[in-house]
Amino acid sequence: MSDIAILNELTKTEWGKKAREYIEKNGLPNKRVEFFHYTDLARALSDKIESPSGEVRSANLSADIIIHATQFGEIVSGASKDLQIDSVSKISGYDEDVTTILVQGLSKSSQRITLKAGKKARIAIQRGAGSRTAMHIIVENGAHLEIIEEQGADAGLSSGLMFAEIGENASLRRIMYADTFGAKDIRKSIVNVAKGGEFAGFSLMRGGELSRIETDVHLLGEGAKCNFNAAYLLKNAHNDITTTVYHHAPNCETKEMVRGIVGEGGNAVFQGKIQVERNAQKTSAVMEHRGIMLEDGGKINAKPSLEIYADDVECSHANTIGALDESALFYMQARGISQKSAKILLIKAFLSQVFDDLQYDDIREYAISRIENRLDEIVG
Amino acid sequence: MLKIKDLKVEIDGKQITNGLSLDVPAGEVHAIMGPNGAGKSTLSNALTGHPAYQVTGGTAELNGKNILALEPEERAAEGLFLSFQYPLEIPGVPTLTFLRTALNEQRKYRGEDELSVPQFMKAAKEAAKRLKIEDEMLKRPLNVGFSGGEKKRMEIFQMAMLEPKFMILDETDSGLDIDALRIVSDGVNYMRAPNRGMLVITHYQRLLDYIKPDKVHVLVDGKIVDTGGPELALELEKNGYDKYEALVS
Numbered sequence: 001m002s003d004i005a006i007l008n009e010l011t012k013t014e015w016g017k018k019a020r021e022y023i024e025k026n027g028l029p030n031k032r033v034e035f036f037h038y039t040d041l042a043r044a045l046s047d048k049i050e051s052p053s054g055e056v057r058s059a060n061l062s063a064d065i066i067i068h069a070t071q072f073g074e075i076v077s078g079a080s081k082d083l084q085i086d087s088v089s090k091i092s093g094y095d096e097d098v099t100t101i102l103v104q105g106l107s108k109s110s111q112r113i114t115l116k117a118g119k120k121a122r123i124a125i126q127r128g129a130g131s132r133t134a135m136h137i138i139v140e141n142g143a144h145l146e147i148i149e150e151q152g153a154d155a156g157l158s159s160g161l162m163f164a165e166i167g168e169n170a171s172l173r174r175i176m177y178a179d180t181f182g183a184k185d186i187r188k189s190i191v192n193v194a195k196g197g198e199f200a201g202f203s204l205m206r207g208g209e210l211s212r213i214e215t216d217v218h219l220l221g222e223g224a225k226c227n228f229n230a231a232y233l234l235k236n237a238h239n240d241i242t243t244t245v246y247h248h249a250p251n252c253e254t255k256e257m258v259r260g261i262v263g264e265g266g267n268a269v270f271q272g273k274i275q276v277e278r279n280a281q282k283t284s285a286v287m288e289h290r291g292i293m294l295e296d297g298g299k300i301n302a303k304p305s306l307e308i309y310a311d312d313v314e315c316s317h318a319n320t321i322g323a324l325d326e327s328a329l330f331y332m333q334a335r336g337i338s339q340k341s342a343k344i345l346l347i348k349a350f351l352s353q354v355f356d357d358l359q360y361d362d363i364r365e366y367a368i369s370r371i372e373n374r375l376d377e378i379v380g
Numbered sequence: 001m002l003k004i005k006d007l008k009v010e011i012d013g014k015q016i017t018n019g020l021s022l023d024v025p026a027g028e029v030h031a032i033m034g035p036n037g038a039g040k041s042t043l044s045n046a047l048t049g050h051p052a053y054q055v056t057g058g059t060a061e062l063n064g065k066n067i068l069a070l071e072p073e074e075r076a077a078e079g080l081f082l083s084f085q086y087p088l089e090i091p092g093v094p095t096l097t098f099l100r101t102a103l104n105e106q107r108k109y110r111g112e113d114e115l116s117v118p119q120f121m122k123a124a125k126e127a128a129k130r131l132k133i134e135d136e137m138l139k140r141p142l143n144v145g146f147s148g149g150e151k152k153r154m155e156i157f158q159m160a161m162l163e164p165k166f167m168i169l170d171e172t173d174s175g176l177d178i179d180a181l182r183i184v185s186d187g188v189n190y191m192r193a194p195n196r197g198m199l200v201i202t203h204y205q206r207l208l209d210y211i212k213p214d215k216v217h218v219l220v221d222g223k224i225v226d227t228g229g230p231e232l233a234l235e236l237e238k239n240g241y242d243k244y245e246a247l248v249s
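Chains as they are written, first to last, in my numbering: chain A, 1 to 380; chain B, 1 to 249.
Derived from the structure by calculation, the hints contain no laboratory data. Be aware that one or more of the hints could be misleading.
[Said to hold, decoys possible] Pairs of lysine-lysine, PhoX-like flavour, derived with a Cα cap of 20 Å: (1) B:K5 x B:K215; (2) A:K17 x A:K120; (3) B:K223 x A:K348; (4) B:K108 x A:K340; (5) B:K223 x B:K243; (6) B:K65 x B:K14.
Chain B with its partners taken away, still in its complex shape (with noise of 0.2 Å):
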């Protein structure tokens, strides 16, 4: 499904990722867990497309295209959704109208037909219920006024409705209490699906109690450094990156 091979991103001339590979299959979810400056965001951000990150060496394919080479509306419209660490408020653009734009573009990019307004409407009211977001924050302009833990979930209500086939999940759960930290998961677990895979960005493991991995890579320098099953997430909260770091420096 995501294959990244030797991955090199710079920003600002100064290079953040250096080599990393990576290779998540479909219906599998895996996690990136690394400190501070690893390159975490680096990586949600290039292959998302982001213009101030330049890719200066490897590949990234998604179902066999080469992801890298195309705008960051086409790599949404091939299935690639990322759920933003800080999502954007957009004053003035109503949340439905800038949800069904994205959705009628992703659609025509794909020679689909565009959804009519009651066609959307039903799934956005579905969707909403799932993800217990009330009809007044739909009406809202795009994350205006929003709280920490509201933009988290109006993200993955996004996701719900752009139905990716690919999610990147970068740290979904910072300023999430125990309560917003559920809804979230379980409105990503709904799109766990064979089809579907999902690369974890995070900190912390908590994360990963709800969201469970099938593997968790340790990012640490701008290259995955190891690689293991969910108990890594555990070990990794109880002794920190402290040996990982020791290796690269």
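If we strip away everything but chain A, and leave its shape as in the complex, we get (with noise of 0.2 Å):
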């Protein structure tokens, strides 16, 4: 087992030999442990880590804090009184299972950040190569945190834990652009959403030699929410988006839509579950998956799935891979449009639509022009 290169990866924390113990006893799971089907860790962790290199393109929108997370740690800039920041060893509270064991094995040190009950702020976080860092965010009651990630990585490991503790009214709304083509990317989140508490996640996804971010959310008090965006545009790249949201209370509502492209070995992954417990009454939850086929050599596995276990829900679900509209095609061409621009026109509005909920105009003009930049190189 000692041949597995993650290992060498490990801290030499009491967290990373608990994950190092852990990996020696189980092995890392391959495409026999359904979960991990489409994403075989075993595989893509036993062989060589290259060492990290690339640097994020940031947009440098304004924030409270910023915090640039390095291979050799995080670096915070900035102040605020509303929001506090403490370095701590581990942090701890969430179920743990495979992903989360490994991914605060691979983290020296933990942040915690708490935005104090009834304020706001914004956080960005600049993720480089090699990064891997371990959060617990604490927004408190009533209160409304947007965190902002960007990430960038050529090659290498990188990875990232998030426990997020949203309180009563209060908000987490996070909006997330990983570029890390030819590296490794493995997040693991998982947010818990108190009573009237909303957490808004939007992603914008370039896809990597592995790239795999699981976000669990748990809605546990009464209407809580949840609105999970994501896009993923990938050619020669894997990008993995594994989402599970429970419903422990009643009257919670989900609402989860996914779009992306694929081109020439673009290989994409669509976990979404919900899972409704038996008093979770008055549901209301919908999870919608689009994929685009641009060329051949491009693959697109979606697994939707509905667990419910109340019987006074509503809840649906759509899944639908397909190619461009080829008579839109040939009507924008037919008004002079190169069939490039109408592509690029086709496909930049079917992604956009996963950004239409994001209410600041900043952040929705800056995912949708990097959605422009992908896409130029992407369509050929």
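Reconstruct the complex from the two isolated chains, following the hints.
Structure follows, in structure tokens:
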């Protein structure tokens, strides 16, 4: 077992040791494990892990606090009296699984960020190549936090663990842009939402040699909401969006929209699950995944699922995979728009809808401009 | 202006157009009438370059240039415009973004400068007013949620903005009530000019009361079988296509 490359990457901490013991005993999950069927961690992490390289191409959106996550640790700049940042040894309070054990085992230290009750703030996190973070985010009652995460890497392994606790009537909005082309990236987020609170996630993924983004959302209190949106643009890259939303309380709401395009050598995975517990009556949950295959030689594996134990709920899911609408393309060409521009217009329109719920203009524009940059490259 | 000689077109290996020849000089409006399945839409699609329509023979020249060798967008930039029988809805693409992209890509092809946003908006507002298109319609994604009549008006609006040299109207009258028909026809007539040609494809004579053709051609079984003045349309309306169909079968 000691020939598994990832073992050399684990820290010498107590939780690093725990991860080592876990992996030595159980191995890493491979494709025979259903949850990892389309993203074989054992295979991806057994080979040599390259040294990190690559930089974040940040849009430098304004923020109260900026955290630069590097391969050597985190550098925090800016200050806010409403935000408290503490370095802690490790974070706890969530249910562990193989991904949390692994990702925590890769991090040297953890940050705990608390936004005080009733306050508002924005944090920017710039994640460089080889960054391995663990963050505990606490949004106190009635507070509203926004996190903008930008990531850039073209080699090496980066990882992130985020455990967020959203208080009553509080909200966390997380915008994530990951450009990990050529690199490996594993992330796990666990989000607990109390009564009347809201989690809104917006992600734009370019994928990488391995990119696995796991998100577990627990709607714990009545009226809690989850609004999860993600777009992927893949060519010669792998990206796995795996999301589980647990409805533990009545009158909660989930809206999920994942859309993406895949070109040659792209490998997209979407595993979306909504689990409605017995007492989560009056749940409203909608999940949609739509994928477009741009050309031959790409793959999309989508597995939406609903597990419902309550009897008075409204849940639905939709899943489609197709090609660009040929007649729409022809119509646009007949008006003088080149095929490439027509494709870009159609794809941009298709993906932009993922960001329709972003209320702040600068962030929506940011997301859309990132889509545009990618498209010029991906569409032939 | 538009010269079609012995055109043969197939779709899915089935020959629809069987050696069609047609000559529309600049400044003239020609109508093509014919029964269902005669190949009217095949003609418009083949001329515009729809990939499903395979040209297997003949030529089509616009101002001396062989358009059959060009991509659809190049044909458009050369001045060819098809008003679609069934205009498409393009969700998420705002009407004006679409149109400005089209106009500027055409201008780029022709080596002309791009139109600035104010210049473009001024032209758009004028054309919209003429065609009774409300601002609300322009703000929406292209054709999304439009009625059949609104879509046809939007086609004519696009035509006005793109200022093509040659226009093909494919059953533009279908789905129009009498008021919409008048607005659309006024919009089309506004475009008539000595240096422009037009081909009006229709089932019914009604449209030709509003858009007066110089010539009427009868298309049956993929060929022009008769040509005459505007009176031919009236005769067809009265007697139908039976005598021509008997001829070819």
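**Report entry** Unsatisfied constraints (hint numbers, rising)
**Finding:** Hint check: 2, 3, 6 fail, others pass.
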